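Whenever a hint applies, use it, and build me the whole structure from the sequences.
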Amino acid sequence: MTVTVLLFASYAEAVGRSTIELEVESGATVRDVIDRIREIGNATRLPPTPMVAVNEQYASRDRELRHGDEVALIPPVAGG
Amino acid sequence: MTVTVLLFASYAEAVGRSTIELEVESGATVRDVIDRIREIGNATRLPPTPMVAVNEQYASRDRELRHGDEVALIPPVAGG
Amino acid sequence: MYSSIVDHPIDVAAIIERVGRAANGAAVLFLGNVREVNEGLEVTGIEYTAYRSMAERELASIVEEAAAVGDTNDVAVEHRLGELVVGECSVAVAVGHPHRGRAFETARYVVEELKRRVPIWKREHYVDGTREWVSAATSKPETQLVDIGDER
Amino acid sequence: MYSSIVDHPIDVAAIIERVGRAANGAAVLFLGNVREVNEGLEVTGIEYTAYRSMAERELASIVEEAAAVGDTNDVAVEHRLGELVVGECSVAVAVGHPHRGRAFETARYVVEELKRRVPIWKREHYVDGTREWVSAATSKPETQLVDIGDER
Numbered sequence: 001m002t003v004t005v006l007l008f009a010s011y012a013e014a015v016g017r018s019t020i021e022l023e024v025e026s027g028a029t030v031r032d033v034i035d036r037i038r039e040i041g042n043a044t045r046l047p048p049t050p051m052v053a054v055n056e057q058y059a060s061r062d063r064e065l066r067h068g069d070e071v072a073l074i075p076p077v078a079g080g
Numbered sequence: 001m002t003v004t005v006l007l008f009a010s011y012a013e014a015v016g017r018s019t020i021e022l023e024v025e026s027g028a029t030v031r032d033v034i035d036r037i038r039e040i041g042n043a044t045r046l047p048p049t050p051m052v053a054v055n056e057q058y059a060s061r062d063r064e065l066r067h068g069d070e071v072a073l074i075p076p077v078a079g080g
Numbered sequence: 001m002y003s004s005i006v007d008h009p010i011d012v013a014a015i016i017e018r019v020g021r022a023a024n025g026a027a028v029l030f031l032g033n034v035r036e037v038n039e040g041l042e043v044t045g046i047e048y049t050a051y052r053s054m055a056e057r058e059l060a061s062i063v064e065e066a067a068a069v070g071d072t073n074d075v076a077v078e079h080r081l082g083e084l085v086v087g088e089c090s091v092a093v094a095v096g097h098p099h100r101g102r103a104f105e106t107a108r109y110v111v112e113e114l115k116r117r118v119p120i121w122k123r124e125h126y127v128d129g130t131r132e133w134v135s136a137a138t139s140k141p142e143t144q145l146v147d148i149g150d151e152r
Numbered sequence: 001m002y003s004s005i006v007d008h009p010i011d012v013a014a015i016i017e018r019v020g021r022a023a024n025g026a027a028v029l030f031l032g033n034v035r036e037v038n039e040g041l042e043v044t045g046i047e048y049t050a051y052r053s054m055a056e057r058e059l060a061s062i063v064e065e066a067a068a069v070g071d072t073n074d075v076a077v078e079h080r081l082g083e084l085v086v087g088e089c090s091v092a093v094a095v096g097h098p099h100r101g102r103a104f105e106t107a108r109y110v111v112e113e114l115k116r117r118v119p120i121w122k123r124e125h126y127v128d129g130t131r132e133w134v135s136a137a138t139s140k141p142e143t144q145l146v147d148i149g150d151e152r
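Protein chains in written order, with the working numbering: chain Y, 1 to 80; chain P, 1 to 80; chain G, 1 to 152; chain E, 1 to 152.
Hints listed in this document are in silico derivations from the structure and should not be mistaken for laboratory results.
Please read all numbers here as calculations on a predicted model, not as lab measurements.
No residue lacks a Cβ here, since even glycine has one placed at the ideal position from N, Cα and C.
Just to be clear, a hint being listed does not mean it is correct.
Claimed, not checked - Simulated coverage check for chain E against chain Y, where a stretch passes if three residues somewhere in it have a Cβ under 8 Å from a Cβ of chain Y:
(1) 51 to 61
(2) 77 to 91
(3) 111 to 117
In C-alpha cells form, the structure reads like this:
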C-alpha cells in the first residue's frame, strides 16, 4: 500500500524533499515510516522520534496506517 | 484652622454639596471631619467609615490634619 | 510609560502603538466597554466622573508600579470620563514586553489596581430613565448596599 | 468564533471588532510581534511557514475549546504566514467576555495552545545573512538542539 509523507521546515531541509510517496507493507505503523525516512534523510537533523500527524491529526508512533494515509513529520512548532 | 472637604458621586448627592470649607480645631483628625460631614448629610448613604484621601493620597481616619488640607471622601470606586 | 484621563473617545490603535518596540515580542491590550446589562438591569449608558487630579496621580503610580514589577517601560493606560453609550470603550490598558507571560501579568496588574484604587465613579442609566451609582466591588447599584460601616 | 491563517498583514482593529458585543464588558487582545533580537542574535525578519490545512484545523479546534472553557463565543485568532520584518504582527488573539478575568484567561489559553500545537514554523533571518529554523520550546535555533530523542 502507499502512504504520502509530508516534511516541513527543518525536516524538509534535512531530507531534501517535502513530499515522498512511500510503498509500505500492509500493517505498517508510523514508526516504520519514520525509519524509512531516516534512511533517506540526514539523521542528525531528523530526530528518532519526531512528532507525527496522520491525516492532519497528531498520532502516536504505534498508529497502524492505511492505504492513502497522509503522514506528516512535524518539527518542533514555533507559531506565534 | 480651615480644611476643604471634597465630596464625589453618591456622597455629593447624599450631602447635597461637592465642596465644603470646614472650620476645625487644631489637632482635628480625619475622623472628626467625617463626623461633622455626617451631621450635614444623609447618613444612610454616607457610611460611618468612608475611604478618605488627604491632599490626593489615601489616608487613615487617625490622620491629623493641617490648615489648608484637602480632605476627600471617596465612595466605593468604580473605574474601568 | 503613559497614563491619562481623557474626555474624548479612546484611540485604541494609538494606545497599542505606544507599547510597540522592536524588542517586544508580545503586546497585551485590555479594553473595558460599557455593557448593556448589569445585575439584570438594562443599561443605556454610563456616566463616569472622577476626583480628577487624584485619579491622574493614582493612575500614574499604578503604571510606574506595573513597569517596575513587570520589568518593562512599555505600559500605557487611558481612562475616559463623561457620558458613554453601550459598547463604547471606557478604559484601555496596553503592555509591551519581550515575553508574553509578563505582558499578560502586567496588563492584569494595571486593570486590577485601577479598579481598586483610582477614584473614578460610574452612574448607570437604565432604560426606564432611572440612574444609579454603581459599586465596582459588588457590581450592584449602591442603593442596594447596606450601610454597615467600613467598606474596605 | 473565528480563526484564520492569512498571507497578508493582520488588521488588528478588525480582530477586536469581531469580539465586541454589547454584552461584553471586557476585551483582551494579544499581539505577537517579530522581535529584533532572539537569544542574542540580531534578527532582520522572520519567515513563517505552516502545514496549512492542519494548522487551520488545529487553530479552529483551539478556538472551540477556548470558547467552551471560557464560556464565550467571542474568540478570534489570526496567524500570518510569509516573510515578516521586525515589528510586524505575526499573530493576533482577541477575546470578548462579560467579565475581565475570564477574558484574560481565555486569551492566554488560545496563545499557549497555539504555540504548543499549531504546525507553524519560523525561520529567523539574521543581520549576517544567515537563517535558522527556531524551536519555540527553547527559543533557540534548532541547530543548537541535540538530537536526543522524543522532543515532547
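Each hint tested on the structure:
no.	hint	verdict
1	51 to 61	holds (count 5)
2	77 to 91	holds (count 3)
3	111 to 117	holds (count 5)
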